[in-house]
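Novice: Here is how the chains run, residue by residue.
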Amino acid sequence: MTSADFTSDEMMTIAASRALSNSDVCFVGIGAPSAACNVARLSHAPDITLIYESGTIGTAPQVLPLSIGDGELCDTAVTTVSVPEMFRYWLQGGRVTVGFLGAAQLDRFGNINTTVIGDYDHPKTRLPGGGGAPEIASSCGEIFITLKQSKRSMVSKIDFFTSFGHGEGGDHRQRIGMTTRGPTLLVTDLAIWKPDPETKEFVVTSLHPGVTRETVQETCGWSVRFATDLEETPAPTAAELAVLRDLKARTEKAHGGSKKNGAES
Amino acid sequence: MAKSIPLAQAVAENLNPGDTVAFEGFTHLIPHAAAHEAIRQNIGDLTLIRMTPDVIYDQMIGMGLAKKIIFSYAGNPGVGLLRRLRDSIENGWPHRIEFEEHSHSAMANAYEAGAAGLPCAVFRGYKGAGLKEVNPNIRSVTCPFTGEELAAVPAIRPDVSFIHAQKADRKGNVLVEGIIGIQKEAVLAARRAVVTVEEVVDDLGTHTNACVLPNWTISAISVVPGGAHPSYAHGYYDRDNASYLEWDEIAADRDRFLAWMKTNVLEADPADFADRIKGLETAR
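Those protein sequence lines, which keep their order, are chains S and H.
Quick note: the first sequence uses my numbering, first residue 521, plus one each step.
Quick note: the second sequence uses my numbering, first residue -11, plus one each step.
Please keep in mind that the hints were generated in silico from the structure rather than gathered at the bench.
In this text, a Cβ means the ideal position worked out from N, Cα and C, and glycines have one as well.
Please note that the accuracy of each hint is not assured.
The list that follows gives simulated cross-link-like pairs (lysine-lysine, DSS-like), each with its CA atoms no further than 25 Å apart [said to hold, decoys possible]:
{"no.": "1", "chain 1": "S", "residue 1": "Lys773", "chain 2": "H", "residue 2": "Lys266"}
{"no.": "2", "chain 1": "H", "residue 1": "Lys56", "chain 2": "S", "residue 2": "Lys644"}
{"no.": "3", "chain 1": "S", "residue 1": "Lys768", "chain 2": "S", "residue 2": "Lys668"}
{"no.": "4", "chain 1": "H", "residue 1": "Lys55", "chain 2": "S", "residue 2": "Lys644"}
Residues on chain H that point at chain S, a partial pick, calculated with CB under 10 Å [claimed, not checked]:
{"no.": "5", "residue": "Glu121"}
{"no.": "6", "residue": "Val129"}
{"no.": "7", "residue": "Pro132"}
{"no.": "8", "residue": "Glu136"}
Far from chain S by the CB rule (all over 10 Å, computed), these chain H residues [unchecked claim]:
{"no.": "9", "residue": "Arg28"}
{"no.": "10", "residue": "Ala96"}
{"no.": "11", "residue": "Leu254"}
If we strip away everything but chain H, and leave its shape as in the complex, we get (with noise of 0.2 Å):
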């Protein structure tokens, strides 16, 4: 059942050492606060499992934190590369970690086999493609039936997985609304879950289909409002574009990557993200 309580507790209570984590999102709803949350508690030793790593896993890479990454696109949406990752992979700084690369198709599979506790997951992909060359984890089945061969690969089963949501009722059930991306499947697939959201109400005011994740699936709930910033929440506040083509230059140089995290991570608090999202509000 999930337990109300302030973001520090439920990241110090849920995230280890060690941990096979994700912190999910697909550009909508990034947990921004609970992943700045991990790198303020100094949480290390970490596999990273997400489709889209972007600006946190950029941050977390850079901060030491990540022993290894399993992904399908690295980028910094609609701007470029991301140059943590870059230099840690290219020049091993701070230290070189371990990759395990995907298509978008293999991981939202993967994903779903988690949440549906099964093995591994099988689709139709991979055809030609020269990531299954290099990454073990992506193997054939033959279908029983028809005789066609297809791609499987392992269940993603997370210790936790942290999402950002825009809003919980009184009993911890979240809902999750617009691009609803791979969040679901991530909470499911998880053995804990700690979801942030923008505010709780007395009733969630939805349609009957929406997708909601029942107050039972998750371990912890936090509110913090603009806690995806610079990523967005639909209905709440707009994605903050300037933000992102500004981390590509913050990104570009270690002491200026490294200065920026102590005074906007390390030296921050998870009430600081309101502040963030002032001028992005959308009408309500």
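In isolation and in its complexed conformation, chain S is listed as follows (with noise of 0.2 Å):
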């Protein structure tokens, strides 16, 4: 069963959700990752691990958290560990399937900028810097990526590489030692986006539904490419939708109402 009635915004974190799976040990980025990651905990994905940069791992917060830190997310935990246990012994130790990031700045090979727009030293404007992403990016199994297309935010070329992606593309991550896969899929308001085999560019596999070729490519700062066999995304269904909206009416009451989902760490 299916909703005709659903945003664009629910589309892409309901898509994004479908991607976890029950063993998946996820690092979540705040924002729109946060929402798709606890969405997939509340629905298909029951024993999902989330792990937030805070040091909280296997946590099962009732409503999103507005920072990293938020007192729930240690409260729901199967245990908390400090910042550098975390980085080392959980991320740097291999033992986190998924990173799932937002970004400022995308481009077509999965490379992130969220560190400044301009030049570095004399930047036009200085964004919050790269946080946790720049080792999320080399040492989790693979890299999902969600965000809102627009122009400014999908571009041809990235002010600065906060983190990496497949770089020029190709075998470029194996070229500079990385052993993992990097980004994978990339979930947007109007898409689904994965890697091409060997170039490693994002190719549409799949349009949500009412989305045109036309509106992608309006919304998207390089030339996009669509696969061959272009499917449609399956609406989100009832259940679906009634998970993300109960969710996001806690975090609403929860944090007051006003609250704004920016910051990526």
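Work from the hints to combine the two standalone chains into their complex.
Specialist: Right under this line is the structure:
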């Protein structure tokens, strides 16, 4: 059963949540990734292990945290470890299967910028920076990325390599000594993208219901490639929408209504 | 051995102009009261270290007390950007601070190396990352056993670290609970350490593997109920999310920022923090 009445944001979160499974150990970025990971946990993947970089392992919040260090993440976690232990034993140690990131700027090879717009030393806009992202991008088994499409965020050339995706494409990751898979999935509000097996350029593999190729291209700063066997993303089911909307309603209530989900980490 | 003294005295005795200082806290237990005391005492020319500089470093930078900042994520958690830090870096107001930027992994390893008495930290990181092109303190070493190239950064050794914790016992042993972040490493890496606590108790009432800092690792303890506000103290009071949202507006305008600092910091007192957590207390 599907519901025809859903927003593109809801479609994005739900499509991203479907990519996660019960056996995943997922390093969760704040904002859109956090919503998708918790929808997965509250629907088809109840045993997924969610990790936030504040040290909370196996956390199960009832509401979406405003920050990566909200108290509820700790209260509901299997265990809470120190920050050095988190980054050394758990992330660097190779225990995390999926890193789920957002981005301020993204290019076609899944390279991410959350550091500066403009020149590094004299930036037009100084963004918060990478936080955990540089090593999340290299140490997790694979990387999922989620963001809303716009020409500002999806650019032909990012201003700064905060975290490395597929670099210039092809085998660039292996050439610089990375052994993990890097970005394997991009979920936007309009489509699902996966890297070409050879070039590693993101290719649209599925359009969300009602979305046209033209809309995807108009909101993307590079020339978009579409898969030959382009699919349509299944619309959110009533059950999926109920889980997401309940979660958002609980979150609004808990954070006093006016919360914004801006920062990455 | 930890001296139990008022916060004004603890800051005056342990923080000097030109010091390298860490006010640590990873979203939780951020030492706001201690930072405000440093601002009141107008102690400047500081090198500020913190993984996640947020509101307190925005305030110190805006008041002109920072020479340099060493950090890995400079944002208002869950809200957005730091507007005073941006004004300094983008426009040079009130002056342009120097900055040294790392990843969380590097900073966490560097604090741990400082606590361990090592000169540098070695870890697998910065592969393909732009920071190593712009930060000369990001270098590499070759593993003598496997030949793997690994990232290296200098250990963090602050002149003084400030942290906030839940409680101390009467001998000055300190318990940190919940999201413990990098606080233990920040204290053990520093030459001096000042801890503000919610309360002093007869017995810490904890278990054998808890995060306890023995009294001889701490220079001074000051009791400041609510001293982490608008951050939180697990088991005592919740995070004041509205204040973080409000800060985004206050910090957006130089005059509004200065007026806010005058009223809420320069003309305020550590005892005011107890009032600021009213209504946020958690059931115990």
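Novice: Taking only the CA atoms, is the gap from H:Lys56 to S:Lys644 under or equal to 25 Å?
Specialist: holds, 20 Å
Novice: Given the proposed pairing of S:Lys773 with H:Lys266, does the C-alpha separation stay at or below 25 Å?
Specialist: Given that 25 Å is the threshold and the Cα spacing comes to 20 Å, the pair holds.
Novice: Can the hint on H:Glu121 be confirmed by a CB-to-CB distance to chain S that is less than 10 Å?
Specialist: Result: holds, 8 Å to nearest chain S Cβ.
Novice: Assess, step by step, whether the Cα of H:Lys55 is no farther than 25 Å from the Cα of S:Lys644, and give holds or violated.
Specialist: holds, 21 Å
Novice: Are all C-beta atoms of chain S more than 10 Å from that of H:Leu254?
Specialist: The claim holds: H:Leu254 sits with its nearest Cβ about 27 Å from chain S, beyond 10 Å.
Novice: The hint names H:Pro132 as touching chain S; please verify it with the least Cβ-Cβ distance against 10 Å.
Specialist: Given a least distance of 17 Å, the restraint on H:Pro132 is violated.
Novice: Confirm or reject: H:Ala96 is not an interface residue toward chain S, with every Cβ-Cβ distance exceeding 10 Å.
Specialist: At roughly 4 Å from the nearest Cβ of chain S, H:Ala96 sits no farther out than 10 Å, so the non-interface label is violated.
Novice: For the pair we were handed, S:Lys768 and S:Lys668, check the Cα-Cα distance against 25 Å.
Specialist: holds, 18 Å
Novice: Say whether it holds or is violated: H:Arg28 keeps its Cβ farther than 10 Å from all Cβ of chain S.
Specialist: holds, 27 Å
Novice: Hey, does the H:Val129 contact hint survive, CB to chain S under 10 Å?
Specialist: violated, 14 Å
Novice: Does the CB of H:Glu136 sit less than 10 Å away from some CB of chain S?
Specialist: holds, 8 Å
In the structure shown, a violation is registered for the earlier hints numbered 6, 7, 10, in ascending order.
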